[in-house]
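Could you build all of it, start to finish, from the sequences and the hints given here?
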Amino acid sequence: MSAVTETEAAAFVPADARRAGRMLNAAIIILLCVWVLLPIYLVLVNALSDPQTVTGWPKHFVPTFDLGSLSFFISYAGVLKALGNSVVVAVLTMVLSLGFGAPAGYALARFDFPGKGVFRLLVLMTRAFPLPLLALPLAVMFIRTGLDDSLFGLALVHTTLALPFSVLITASLFSGIPFELEEAAWTLGCTRLQAVRKVVLPLALPGIAASGVFAFVTSWNEVFAAAVLTIRNRTLTAFLIQSLDVSPLPLKFAGAAVLVLPALIFLFAVRKYLFSLWGIANR
Amino acid sequence: MISKRALPYLLLLPATVFLIVFFVLPFLQVAWYAVTDDGGFTLQHFETMRQDWKFMPALTNTFLLVIIIVPIQIALSLGMASLVTKMKTGRELVLYIWTIPLGISDLAAGLIWLSILDQTGFMNSVLFHLGVVDQPVNHLLYNDYPALIAAVVLAEVWRSTAIVLVVLVAGMGLIPKEYGEAAEVFGASPWKRFIKVTLPLLRPSLQTALILRTILAFEVFAVAVALTGTNLPVLMSETFHWQFDLQDRHVASAYALVLLAVSIAFTLVYLRVLRVREEERA
Numbered sequence: 001m002s003a004v005t006e007t008e009a010a011a012f013v014p015a016d017a018r019r020a021g022r023m024l025n026a027a028i029i030i031l032l033c034v035w036v037l038l039p040i041y042l043v044l045v046n047a048l049s050d051p052q053t054v055t056g057w058p059k060h061f062v063p064t065f066d067l068g069s070l071s072f073f074i075s076y077a078g079v080l081k082a083l084g085n086s087v088v089v090a091v092l093t094m095v096l097s098l099g100f101g102a103p104a105g106y107a108l109a110r111f112d113f114p115g116k117g118v119f120r121l122l123v124l125m126t127r128a129f130p131l132p133l134l135a136l137p138l139a140v141m142f143i144r145t146g147l148d149d150s151l152f153g154l155a156l157v158h159t160t161l162a163l164p165f166s167v168l169i170t171a172s173l174f175s176g177i178p179f180e181l182e183e184a185a186w187t188l189g190c191t192r193l194q195a196v197r198k199v200v201l202p203l204a205l206p207g208i209a210a211s212g213v214f215a216f217v218t219s220w221n222e223v224f225a226a227a228v229l230t231i232r233n234r235t236l237t238a239f240l241i242q243s244l245d246v247s248p249l250p251l252k253f254a255g256a257a258v259l260v261l262p263a264l265i266f267l268f269a270v271r272k273y274l275f276s277l278w279g280i281a282n283r
Numbered sequence: 001m002i003s004k005r006a007l008p009y010l011l012l013l014p015a016t017v018f019l020i021v022f023f024v025l026p027f028l029q030v031a032w033y034a035v036t037d038d039g040g041f042t043l044q045h046f047e048t049m050r051q052d053w054k055f056m057p058a059l060t061n062t063f064l065l066v067i068i069i070v071p072i073q074i075a076l077s078l079g080m081a082s083l084v085t086k087m088k089t090g091r092e093l094v095l096y097i098w099t100i101p102l103g104i105s106d107l108a109a110g111l112i113w114l115s116i117l118d119q120t121g122f123m124n125s126v127l128f129h130l131g132v133v134d135q136p137v138n139h140l141l142y143n144d145y146p147a148l149i150a151a152v153v154l155a156e157v158w159r160s161t162a163i164v165l166v167v168l169v170a171g172m173g174l175i176p177k178e179y180g181e182a183a184e185v186f187g188a189s190p191w192k193r194f195i196k197v198t199l200p201l202l203r204p205s206l207q208t209a210l211i212l213r214t215i216l217a218f219e220v221f222a223v224a225v226a227l228t229g230t231n232l233p234v235l236m237s238e239t240f241h242w243q244f245d246l247q248d249r250h251v252a253s254a255y256a257l258v259l260l261a262v263s264i265a266f267t268l269v270y271l272r273v274l275r276v277r278e279e280e281r282a
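Quick note, the sequences are listed as chains G and C, same order. Numbering of the first sequence is given in the working numbering, commencing with residue 1 and proceeding in unit increments. Numbering of the second sequence is given in the working numbering, commencing with residue 1 and proceeding in unit increments.
Think of the hints as simulated: they come from the structure by calculation, not from any bench. Just to be clear, a hint being listed does not mean it is correct.
To be verified - Some chain G residues close to chain C (C-beta under 10 angstroms, calculated; not the full set):
1. 16
2. 19
3. 23
4. 42
5. 132
6. 224
As the list claims (entries may be wrong) - Chain G residues, not near chain C, derived (Cβ > 12 angstroms throughout):
7. 71
8. 238
9. 241
We treat Cβ as the ideally placed atom computed from N, Cα and C, and that holds for glycine.
Structure below.
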């Protein structure tokens, strides 16, 4: 076929063939949505059914709306404490990674200085390393410094996971805010710090909050380091993985549901930033 | 007043010190633990690791999983990203749904798929209603190797394709529409446009996605443990076993060094094969 007729063929595809193509695309998109959502729905069905139904068979695809499984989970020895520990570690991780990450992000966005490239490389290098393995040597370091089995020690490891993201995300946020605004604040008598606090931070706040949420979720979901570093002060993931072989099914599924829900709610809150921030930070 | 020249360094100081203390030094320490015993150099720990009967299975299982999972995820994400960039309405909603697994931990994903694949799980219930089985069959038998691998692949593809998708969708957004339109004017079919225009321009994002996802794929751990217990050992679960159950940090560190070596090797290969010039990143 010559190039000309091919062009014409592309331009004049019959209307019903084009509609069929669109329908097929739509069907695939819907199918992929079901693929993502169905497993979450099914584990929620289990979490909201009584323990007998959860261990029974065949399963029904609607929950019995019984809080038996969840109350069994919550009242199981150690679960409530583990849940609290997970929240504490995640909040500490969020504070640490923003506290260390945002100033660095600001420096990357606003200054040109020798050594900038080296710092960027250090941050990007973290990507090539299996970071949870850090827990092995740090376990020894923590015993020496009295941080072993402590929530703060675990938060330090989780911060290593979250910090590179915080640096890159805040750097891109700050470079999106015109420098002229800061300069204008200086001419009106603001110091550099005041200009950042009163002009830049309010503008960057939603994005900074979103990057804090990512740090929270990173820590909340982390399993390996949590399981290695905590013994009595276990987080929820450490508790679940260490008791997998002794816990009954209702406990496992209720645990999975409790693990999943906060992360879903938080990600929903920052969905607007998901692509702008992750896309940029990962480039 | 702090001088203008010192300010950026002061701002970088906390993050730099943190990364040196909690990232650079610990990795040097892992290497140290792996090759020393009471201060003296030894390869004994690698020998112990190699002679452990679970080492070879853990190594092959991990590689097999990476080799199956990562290509599926790249292909799936490319398809999903192409579909979603063509959408006119409902794009936001579809992207939100597809990226939900970003917030789900590997442990939760393992447990979620356990609720489906377990003996009394939902898959068997569907098979029962279809009349295929009349009693709960165990699909995750310890000696049914293909089934165990398939279960972990399913759960991992379900959970962690979203990170690849996010990177690729962001990358496709950076490709000017005019390029595709120009190719269309010259008569390129949609498939040709994808191969000749989209893919080459997407190389920086593809490289990032491959590095990120392959490193994480080598870290497969909780999904395998939740679905198969100890029946499908992987490098990470053996590292955990030596550190936590056997309390031998030297052999655990030897395992960690193996993981580290493959991670860095794969990163270097991607950097070399999919070379990206600085100006292509803009």
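Hints, verified against the model:
{"no.": "1", "hint": "16", "in the structure": "violated (18 angstroms)"}
{"no.": "2", "hint": "19", "in the structure": "violated (14 angstroms)"}
{"no.": "3", "hint": "23", "in the structure": "violated (13 angstroms)"}
{"no.": "4", "hint": "42", "in the structure": "holds (5 angstroms)"}
{"no.": "5", "hint": "132", "in the structure": "holds (6 angstroms)"}
{"no.": "6", "hint": "224", "in the structure": "holds (6 angstroms)"}
{"no.": "7", "hint": "71", "in the structure": "holds (19 angstroms)"}
{"no.": "8", "hint": "238", "in the structure": "violated (10 angstroms)"}
{"no.": "9", "hint": "241", "in the structure": "violated (6 angstroms)"}
The structure fails hints 1, 2, 3, 8 and 9 (numbered hints given earlier, in ascending order).
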